[in-house]
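Visitor: Position chain R against the provided structure of chain X, taking the given hints into account.
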Amino acid sequence: DAGVIQSPRHEVTEMGQEVTLRCKPISGHDYLFWYRQTMMRGLELLIYFNNNVPIDDSGMPEDRFSAKMPNASFSTLKIQPSEPRDSAVYFCASRLRGGSETQYFGPGTRLLVL
Amino acid sequence: AQSVTQPDIHITVSEGASLELRCNYSYGATPYLFWYVQSPGQGLQLLLKYFSGDTLVQGIKGFEAEFKRSQSSFNLRKPSVHWSDAAEYFCAVVASGGSYIPTFGRGTSLIVHP
Numbered sequence: 378d379a380g381v382i383q384s385p386r387h388e389v390t391e392m393g394q395e396v397t398l399r400c401k402p403i404s405g406h407d408y409l410f411w412y413r414q415t416m417m418r419g420l421e422l423l424i425y426f427n428n429n430v431p432i433d434d435s436g437m438p439e440d441r442f443s444a445k446m447p448n449a450s451f452s453t454l455k456i457q458p459s460e461p462r463d464s465a466v467y468f469c470a471s472r473l474r475g476g477s478e479t480q481y482f483g484p485g486t487r488l489l490v491l
Numbered sequence: 097a098q099s100v101t102q103p104d105i106h107i108t109v110s111e112g113a114s115l116e117l118r119c120n121y122s123y124g125a126t127p128y129l130f131w132y133v134q135s136p137g138q139g140l141q142l143l144l145k146y147f148s149g150d151t152l153v154q155g156i157k158g159f160e161a162e163f164k165r166s167q168s169s170f171n172l173r174k175p176s177v178h179w180s181d182a183a184e185y186f187c188a189v190v191a192s193g194g195s196y197i198p199t200f201g202r203g204t205s206l207i208v209h210p
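Protein sequence lines correspond, in order, to chains X and R.
Numbering of the first sequence is given in the working numbering, commencing with residue 378 and proceeding in unit increments.
Numbering of the second sequence is given in the working numbering, commencing with residue 97 and proceeding in unit increments.
One or more hints might be untrue.
Distance windows between CB atoms, simulated [what the hints assert, rightly or not]:
no.	chain 1	residue 1	chain 2	residue 2	range
1	X	445	R	104	33 to 43 Å
2	R	164	X	491	45 to 55 Å
3	R	158	X	397	24 to 34 Å
Short derived list, chain X residues pointing at chain R, Cβ under 10 Å [claimed, not checked]:
no.	residue
4	391
5	419
6	421
7	451
8	479
9	487
Negatives, chain X to chain R, calculated, CB over 12 Å [what the hints assert, rightly or not]:
no.	residue
10	386
11	389
12	393
13	429
14	433
15	438
16	439
17	444
18	447
19	461
20	470
21	478
22	484
23	490
24	491
It should be emphasised that the hints constitute simulated quantities derived from the structure, not laboratory data.
Computed from a predicted structure; not experimentally measured.
Where a beta carbon is used, it is the ideal one built from N, C-alpha and C, also for glycine.
Excised from the complex, chain X in its bound form (with noise of 0.2 Å):
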């Protein structure tokens, strides 16, 4: 298996330009998650979907963000606008049901907002 696939890997904008960020959990697991990663605020849940349902975006930082699992092998997370704090490491995770699963992080979106 590839594991969790995220595109693309780095991206440059400018404030007030929408960006969005995709995944491709792996096959077969049931939970999508995304997460943002800061030096300041360390490793934050931003939403998780569960059978490709959004079960808790209590993390969304607000209604800038969204995110979308149209299907079970792809999820999106979309900034609109973007502002230079949202600059930041975006990881999406997958897993299989179950609390003593392992989660599978894919290799992370490197936002830099302008």
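Guide: Positioned in the frame of chain X, the structure of chain R alone reads:
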């Protein structure tokens, strides 16, 4: 709700020395416990996990961790550190009853001197 504390932000060791990274958790029952490693520019990778049975668990890359219920701890150890072990290490806890969403610690950065 569960919580995780990694008291050490940075740890510096010499190559060949032993290593112990601390992790303390707060949860009313026995949780599922994980250690992940993040190499520079990479996503998180599972080192080992505990969910039942023997309290001393072995992981990849020569790491082990011991669950101590009385101390609410799950410390990570390695008898002899290699330069390639330099990375960020994250402890995570999952409540054994509930949504099975992990809570991550802030991480410990390991620096290895030659």
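Visitor: None of the hints should be skipped; say for each whether it holds.
Guide: Here is what the structure says about each hint:
1. X/445 / R/104: 33 to 43 Å: With Cβ atoms ~39 Å apart, the hint holds.
2. R/164 / X/491: 45 to 55 Å: holds (48 Å)
3. R/158 / X/397: 24 to 34 Å: Violated, since residue 158 of chain R and residue 397 of chain X (Cβ atoms, about 40 Å apart) do not stay within the stated range.
4. 391: Residue 391 of chain X check fails; min Cβ-Cβ to chain R is 24 Å, beyond 10 Å.
5. 419: holds (5 Å)
6. 421: At about 9 Å, which falls below the 10 Å cut-off, the nearest Cβ of chain R leaves the hint on residue 421 of chain X intact, so it holds.
7. 451: Interface hint status for residue 451 of chain X: violated (18 Å vs cutoff 10 Å).
8. 479: Residue 479 of chain X check passes; min Cβ-Cβ to chain R is 5 Å, inside 10 Å.
9. 487: holds (8 Å)
10. 386: Incorrect as stated: the minimum Cβ-Cβ distance to chain R is 9 Å, not above 12 Å.
11. 389: holds (16 Å)
12. 393: holds (28 Å)
13. 429: It holds; residue 429 of chain X is separated from chain R by about 17 Å at its closest Cβ, greater than 12 Å.
14. 433: Non-interface label fails for residue 433 of chain X: nearest chain R Cβ at 7 Å, not farther than 12 Å.
15. 438: Per Cβ check, residue 438 of chain X is outside 12 Å of chain R; nearest 17 Å; holds.
16. 439: holds (21 Å)
17. 444: The assertion about residue 444 of chain X holds, with a minimum of 15 Å to chain R.
18. 447: Holds, because the least Cβ-Cβ distance between residue 447 of chain X and chain R comes to about 22 Å, which exceeds 12 Å.
19. 461: holds (21 Å)
20. 470: violated (8 Å)
21. 478: The claim breaks: residue 478 of chain X does not keep its Cβ more than 12 Å from every Cβ of chain R (closest is about 8 Å).
22. 484: violated (5 Å)
23. 490: holds (19 Å)
24. 491: The assertion about residue 491 of chain X holds, with a minimum of 21 Å to chain R.
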